[in-house]
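Given these sequences and hints, build the entire structure.
Using this note's numbering, the final residue of the sequence shown is 545, and nothing's skipped along the way.
Hints listed in this document are in silico derivations from the structure and should not be mistaken for laboratory results. Treat each hint with caution, since some may be false.
[Claimed, not checked] Cβ-Cβ distance ranges computed for the label pairs, FRET-style:
{"id": "1", "residue 1": "PHE437", "residue 2": "GLY174", "range": "32 to 42 Å"}
{"id": "2", "residue 1": "ALA342", "residue 2": "GLY470", "range": "19 to 29 Å"}
{"id": "3", "residue 1": "ASP317", "residue 2": "TYR417", "range": "20 to 30 Å"}
{"id": "4", "residue 1": "THR218", "residue 2": "ASP441", "range": "21 to 31 Å"}
{"id": "5", "residue 1": "ARG169", "residue 2": "ARG315", "range": "28 to 38 Å"}
Remember, it's a predicted structure, so these values are computed and weren't measured experimentally. Note that the Cβ used here is the ideal one computed from N, Cα and C, for glycine as well.
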Amino acid sequence: FLGKTGDDEFTMHWQIWLRLLIAGCCGMAGLFWLFPLTYRDFLTWPGLLVGIYVAWNGVSVVFSIEPTYSLAAWCSLVGVVLFIPAAMRILGGYRLLLAMGFSTLVYLAGSWIAYWYFPEVGIWKEKITQTITVERMGGLGHPNDLGFYSAYSMMILSALLCGRRLDWKVALPLLVLAGLTLAGSFSRTSMAVTMLGLPVACQSVLRKRGAILGGLFAVAFGLLVIFSVAASGKIDWLIEDALVNITKSGTTDELTTATGRTEIWAYGIQRIVESPVFGYGYCTSRFVMIDYSYHCHNMILNAAMYAGFFSGAVVAVGLGYLLYSLVFRPDFAVDGMAVMIIFCGIFEEMIGAPSPSINLFVFVMLLFWRQLGMSTGEQPDETGTPSLAISGTGS
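What follows is the structure, encoded as structure tokens:
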């Protein structure tokens, strides 16, 4: 709720202390498993990328323009990152996705409660221009975050449903809830990536002959409609009206500049070039980009701003690994989320929040997923630890 105050100055708040406490508890759990087992995960490809990213950002804290702020954010990062491979080994792929799906749905339910009963918190009034303000469903946070949670919920539920690990009677109403929340958040990036990611998450079903024929029929019908409209000579104004309707300000200029991101990217690159080696310190974009939306609106640029070109290169390699795995080592249980990270990383900072977000968790989890031999079909042993995960390729 703190972001709703509109304060430009950073101040400590009970929510921040709570987040630091949770991150600390995660770190303690991760340390318990570190040297018996998980330390190897950070020394093996591609988990090595996670270790390098965390270590180099730790170095950047020394050179930070706001060292106390960076140190607190970096400690939170360390705690959560230590926790992730330990949680993956304890739960296994299926139960991990169940836990993630349950937690995202709890967030969505809480957001609807805030939206209906606490509108001063649940409704986000976004100022688009000096005279235009748009009301969006924010729920328990920013509307874009709510959009991410909705999209992840739909990816996870769809993957488990198509993989026959979740009953449709349970999945269908939850998918409707996630879809309605996604629409209410009006997060266009999340809406676009959901349309891209869901077919990937549902490939195990879509590859069946009947589904392919149905898809071809739908494409043919859609082309028939498009050609009919084009023949009427009215397609130009239909496209213009459609583009205006999906903007917030009512002008298509908002789309041709990626809602102002082109200007933000140019300024971000300029500042990165001014401090190319160590950047400005972990999570300091809030201070560097104070007049430009508080961050670079790009996953790689934001990482480079925090800790220089090297940090940006590490994140770029991580995204490249996800793209490679998507093509050559497909796993439909998580590939929908991989599509989301890769696509959204072009337009959002994703993993650079001072309090580690779901996007960071998913990004790190995806890097470890194949390394630890995760799947939604493994069975835990008697100790509750998936034997497949312990003996995975990363060990």
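Structure-based check of each hint:
Roughly 24 Å separates the CB atoms of PHE437 and GLY174, a value that falls outside the hinted 32 to 42 Å. The hinted window of 19 to 29 Å between ALA342 and GLY470 holds, with their beta carbons roughly 21 Å apart. The given range of 20 to 30 Å is broken by ASP317 and TYR417, whose C-beta atoms sit roughly 50 Å from each other. For THR218 and ASP441, the Cβ-Cβ distance of about 23 Å falls inside the hinted range of 21 to 31 Å, so the restraint holds.
Restraint check, ARG169 to ARG315: a C-beta distance of roughly 31 Å satisfies the suggested window 28 to 38 Å.
Taken one by one, the earlier hints fail for this structure at numbers 1, 3, listed in ascending order.
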